[in-house]
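**Student:** Given only the sequences and the hints, what does the whole structure look like? Please build it.
4 protein chains.
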Amino acid sequence: MLKVCIVGASGYTGGELIRLLLGHPHVQITGLYGTAEKDLLALFPGLRKLTDLAIRPADELPGEAQAAFLAVPHGQAAPLAARLLDKGLKVIDLSGDLRLKDDAQHEKHYGRDEYAKLRHEAVYGLPELNRAEIKKARLVANPGCYPTASILALKPLAHLAHGPLIVDAKSGLSGAGRTASATTHYCQVNDNFRPYNLGVHRHQPEIEQGLGQSVFFSPHLAPMTRGILATCYARVDGPVEELYLKAYQTEPFVRLLSGDELPQTRATAGSNFCDIAVRYDAERKLAVVVSALDNLVKGAAGQAIQNLSLMHGLSETEGLLLPALYP
Amino acid sequence: MLKVCIVGASGYTGGELIRLLLGHPHVQITGLYGTAEKDLLALFPGLRKLTDLAIRPADELPGEAQAAFLAVPHGQAAPLAARLLDKGLKVIDLSGDLRLKDDAQHEKHYGRDEYAKLRHEAVYGLPELNRAEIKKARLVANPGCYPTASILALKPLAHLAHGPLIVDAKSGLSGAGRTASATTHYCQVNDNFRPYNLGVHRHQPEIEQGLGQSVFFSPHLAPMTRGILATCYARVDGPVEELYLKAYQTEPFVRLLSGDELPQTRATAGSNFCDIAVRYDAERKLAVVVSALDNLVKGAAGQAIQNLSLMHGLSETEGLLLPALYP
Amino acid sequence: MLKVCIVGASGYTGGELIRLLLGHPHVQITGLYGTAEKDLLALFPGLRKLTDLAIRPADELPGEAQAAFLAVPHGQAAPLAARLLDKGLKVIDLSGDLRLKDDAQHEKHYGRDEYAKLRHEAVYGLPELNRAEIKKARLVANPGCYPTASILALKPLAHLAHGPLIVDAKSGLSGAGRTASATTHYCQVNDNFRPYNLGVHRHQPEIEQGLGQSVFFSPHLAPMTRGILATCYARVDGPVEELYLKAYQTEPFVRLLSGDELPQTRATAGSNFCDIAVRYDAERKLAVVVSALDNLVKGAAGQAIQNLSLMHGLSETEGLLLPALYP
Amino acid sequence: MLKVCIVGASGYTGGELIRLLLGHPHVQITGLYGTAEKDLLALFPGLRKLTDLAIRPADELPGEAQAAFLAVPHGQAAPLAARLLDKGLKVIDLSGDLRLKDDAQHEKHYGRDEYAKLRHEAVYGLPELNRAEIKKARLVANPGCYPTASILALKPLAHLAHGPLIVDAKSGLSGAGRTASATTHYCQVNDNFRPYNLGVHRHQPEIEQGLGQSVFFSPHLAPMTRGILATCYARVDGPVEELYLKAYQTEPFVRLLSGDELPQTRATAGSNFCDIAVRYDAERKLAVVVSALDNLVKGAAGQAIQNLSLMHGLSETEGLLLPALYP
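Protein chains in written order, with this note's numbering: chain X, 393 to 719; chain Z, 393 to 719; chain P, 393 to 719; chain F, 393 to 719.
Hints are computed from structural coordinates only; laboratory data are not their basis.
Since the structure is predicted, the reported quantities are computational estimates derived from the model, not experimental observations.
One should not assume that every hint holds.
The list treats identical chains as interchangeable, and a pair is accepted whether it falls inside one copy or across any two copies.
With a Cα cut of at most 30 Å, we get these calculated BS3-like pairs of lysine-lysine [to be verified]: (1) K430 with K395; (2) K677 with K430; (3) K677 with K638; (4) K677 with K500; (5) K493 with K441; (6) K638 with K395.
**Tutor:** Structure representation (structure tokens):
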């Protein structure tokens, strides 16, 4: 059994890591850590009778763990990563601390820090793009939820596009994390739909980095708990469906829809799949690609476990071939 | 035009007072007050182009207002009421400060204070029970949302019941106010249903006071923004429908449903009506009464305006005969 | 009092017409009509105690009405319009029967019919574009909900755009009408988000007609009852904010948001406003315009009443300056 | 591997059986059957890439299956059960056809049929009550969703209660099945809460049968997809917590909450657990018991699999120790 710990176990992503790893046949959670000791069952009442784990203070890190998931806020992850790498652990960082390779972009969106070297070492953990590098990595920067949906949707055609790509993305509220705020208050969200941070979200440079193209990114909040659906627009000179077949037909967690089918977030809820459909409007020379995934799974915890397995030579799909909860 | 002010204009109840009073033909809002100056349109974007009012500091109170609505948190209302009554205003307090006539119950649920005298003067502002007293009052304690639904549902039969009455109430989240917390986080509420404070909610003694009977009160949170539905149980020796006809057939804001119809919260959303249906199970000698209302309207702001009109000799229904937003 | 009737009173749009007209000081509903007699209060329980109207068979049409709203399904409206115009009524058709001026487009999306002449007479009822013509019309084709949001969002800049405009629209379920289907089943919609009819929706040619430009239209279903939010993209060579100020600053029902504010559907729920915000990304030469409205009000019944008032010389805002129900 | 088939695979319960059995290490689905051949992936898009099964015509039944789950509508199950028992299969019927032992009650609620003998043979499949009988059964009547929540909540105290027990239950919409109707239309459910069938629901006699006591049952529809929360009231002469500890502390799928914890439906979503909390109000001599479960899992498919395992000597918890999807 591979022994792993989760740092930042009290958040939604931490909870998903626990949920998924409890069902993984070859991985054992040896420690949950947080800045404060909180009652795990009060945070995740669905875990009652399924685990005896408790959240312990971060200074007890890393215990007997061989690998660590960092599900802590931006700014806290990089120093932790440095410390745990020094102790010989492999590290998967789910924060934004180590994703952007361009130092100026990183500083603009996350502030200045002293971890540029670590950032340049970290492999961007999107298996569909970087599987070989992930296998060899000791440090992986797990992609953001929006970038996972956007890059998977656009990568096969990005090099063919004229002008900026457009990603119109709609997300459930769990992407905002567990912290209470005016934005996450039920009455401000329920039966409501709104955009935010149009063109200025810090996931925009992450998407551009992944695609190697200029992108305009429009995030929106939809009244739902889980799920991202990205509707992406690209001006291209001809049909692109073949490129998607070629890119994804052997990918275990990308499902290309055909015929009239279109993605819906609910078909991915709780699962590690990313569903994609492609349309081409010949009259307008416009490709429209829609992707859907669960922001907490393929957009965070599930992909992190996929990376863990790759880094340790385990089967990439182990513990992750779960159907969505539908309806 | 009757000139009124609203103290505590930034909360949901304050917003409803503004929404409803903007359509009232005989009332003019002369001031909105809050402890902090906030941008009214950021708080209530639906008011854009409909009012030039802004929230002013409470120390400018009362301006030219003849009456005041207090929509501030418990503890802040009583001292404000005392001060504004001294200046000759009539006052409608929407907090819990002045509702409980039993001093021990008040202290248990709201803490000790120095306003017992004011509390004993305040008329409990449920027009269907206390219309005559309200008309003569200079100070009205506007009922809580749950008590309005519960007392209207049970008053006609309460004197006939054997043993404790049971009120199983389900509320939308706007009843919890605008303050962000773990309880109001969208992801904790959406697609979820839960009870809280079973038998220990401070509205229980208020309901008992209104009914003159022992009551067990079970509040629950339903994943919706507005609305309370109370399913009430009483052991009685025979049918009670006639008592409801007698009590409510001339009431402008109580709608007795007949035949197979049962209340639903959406039929009252945004309106000042309370819908009630009565069932009697002869085999089990059990009366079941269901009531539904909008907690922010008949359960708060609408009823407060109803009280204002009664206190000032205006038509009780003026400005309040609005249909629900349905669906 | 202007006497009007509503044909197709059992649907959601019919219900909104009733709700809004009950509060209109200069209009009286003299008849509600439907193919079957249904119990109005079972359909719209929020109307209890507010009206004695009942739905009557369509063959009793038009009674004493001077104008008629047609809220019937596509295909049924045009023949009704012809018949009622013959009887001297003014007609506002809320269906799609009379909107498309291009006969080939009409036939493609709605099927062949014999009402081309009527279609060419009908004025497209978007007051912000065609106010003068509406005032003189006896027949108005009320715009679709998506086209209202899309055309208002893009009209000021459409003539400047390079390449096709993109409208990524998100709608609540009331736009699908009251008919039960797999698409409208609660469990298929709740906590889910999905696109449909990408690039093939019949509102696409209606938007193109209104803008005089090529448009790609992407509709999506959001888990909410009311509201459309359209995020629109156009490649233009420079800032466009000034054009919007010029176009809309005197419009009573368009609210231009400034600074950081962005539209949200809830701020328009139940109201006749369309909120619009404009962004320009100079680096990518991309204008992004977001509009939000209530599909049943500014997208249907409210706009129809606005048209009625224009056609009869009444104040355009009469009965329609209602704040949104928020939250 | 135990070979099983699912009859009625297109409904929500059928889908849950598939979802759960795909993860069961000792059970293999050898056939899915329905009256019409439908595309499994259109019905359950979350199953894409996880199964090659397709829905086949019922006349191909039973193939090589050793046991059958009947997830068909009431009336269709009993004849199927008879036919499959004759072929030597064990049968778990998830419909109401075989639950009520009292012939008059059965006829009243489900109509007259010729399967009284089968009904008397069928073991009521609530493992916490009838584990020993289930182990020996070839035919199990799987309990209804409401009865599972209600009987588990009240069984330990039912024999002590004075007067009728009251069950105030709140259910998500998946309990209504996949069929589209006015009741299940999104706009009639969203942001709404309503009771139905008060005291006349056919689950009332099933609950009374399970408890051996008179029960008043009040079902309500809550705006959520999954979950039942039952708030139950019983007049008893003293505390009852000990009875619950005794009844449930060794049960694998009942979780007794202690201290301030109360059940919430979301903590059981997708899982086979039933959460229960007990309160006693000494002043009013009233016990209040709250239970929560997922109506499609412990209230249907999960419990059916639990029964399958018991009937075949497999571990009762195999394949069912899944955490809820939370949030």
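**Student:** Give a verdict on every hint.
**Tutor:** Checked hints:
no.	hint	in the structure
1	K430 with K395	within (22 Å within a copy, 44 Å between copies)
2	K677 with K430	neither (54 Å within a copy, 35 Å between copies)
3	K677 with K638	within (21 Å within a copy, 32 Å between copies)
4	K677 with K500	between (35 Å within a copy, 21 Å between copies)
5	K493 with K441	neither (43 Å within a copy, 34 Å between copies)
6	K638 with K395	neither (36 Å within a copy, 37 Å between copies)
Of the numbered hints given earlier, the model fails hints 2, 5 and 6; all others are met.
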